[in-house]
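Visitor: Residue numbers (our numbering), protein chains in the order written: chain A, 6 to 176; chain B, -12 to 135.
Note that these hints are calculated values from the structure, not bench results. It is possible that some hints are incorrect.
To be verified - Computed beta-carbon distance windows for the label pairs:
| hint | chain 1 | residue 1 | chain 2 | residue 2 | range |
| --- | --- | --- | --- | --- | --- |
| 1 | B | W(-5) | A | A29 | 47 to 55 Å |
| 2 | A | A29 | B | F34 | 37 to 45 Å |
| 3 | A | L92 | B | P27 | 36 to 44 Å |
By construction, the Cβ of each residue, glycine as well, lies at the ideal position given by its N, Cα and C atoms.
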Amino acid sequence: MSRRVTQIAAQEDVRLKATVITLAVAAITFPLTFVLWPPEIPPYAPDAAQILGLGLVAAESLAMGGGVAFLILGYRALKRLPVAPPLAIAAYLGIGFYLINWWTHDHLHAVADMLDFNGWLQMTVALEYVFHAGMMVFGAVLALFFAKLLLATASTKRVDRGDAEAGEVAS
Amino acid sequence: MSKFGFRWKFATIALLIGVVSIPLSLAIFHPVLPGGAGLPVWALPFFLGMKIFEGLALGVGIGFILFGWPLLERSGEPRLLTLLAYMSISWYLVNWWLHDNLHAINGQNISGLLAIEYSFHFTMMVAAGVLAVFFYRVIRRKGDEATV
């Protein structure tokens, strides 16, 4: 009973910490966007497009905040995993990358658009390989990680059930 | 299904879809470059390399859609969260083939860019949030089981 209460309290604590970190980072990132990066939506675009552009900056900032929260709070949980294979660390880094990459990624595309043709092409190729191909590889890593982890769980449970049944037969 | 049989089927589907989708994307989507320029020779291997990545990601994604659900179902997490995690991993793999090609044919069109940003980038941010929650809950559960 007391163990269950402790678990619920710990879960609520993690939710609160995650919310605070996400909002704090987003509150810094959102205004910083307009200082550091060129506009994603050109100034001559209609008002509706500008509003949608602001919505994207808000989403990117919240994703960045969520990513920082995940990398901080997720690491503690990762350390408690019975196995700590490189695959688990890669999956953890992959989800972190999925969350934090958008703020830099989207705005670097806007920077590329300001360059001459050769500069634009070189930077676009680099962004495609670092961000797009990177996310594809992490997608496969995540699929493999969950498959291995959950297959291992299923076989452990089968072994446990087999032991229990064998025990019943023996007794 | 044996482990070997499963891997063999998965690899066959991933490679088959990869091999079909690469020439298909070259045939369907013609990139619109700034000023109507053509693709310089040095960029061609990089361009083809990305096509291979996109094709294989699409193949692996379809393989995961076909075979991944029974595995994720074993997580013991709520059904809705598990379903969203399954859809998120699938989306992170299959979206690139269409997504990158739509960017390539869109050029500098702002309405098109916003449509792509909201359909792909925004949904991927949400999917990443789902995966973070699912991953955290699954590894915490495993950690708790290990300490009991």
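Visitor: Hints first: check each against the structure and report whether it holds.
Guide: Going down the list of hints, with the structure as the test:
no., hint, result
1, W(-5)/B / A29/A: 47 to 55 Å, "49 Å, holds"
2, A29/A / F34/B: 37 to 45 Å, "41 Å, holds"
3, L92/A / P27/B: 36 to 44 Å, "39 Å, holds"
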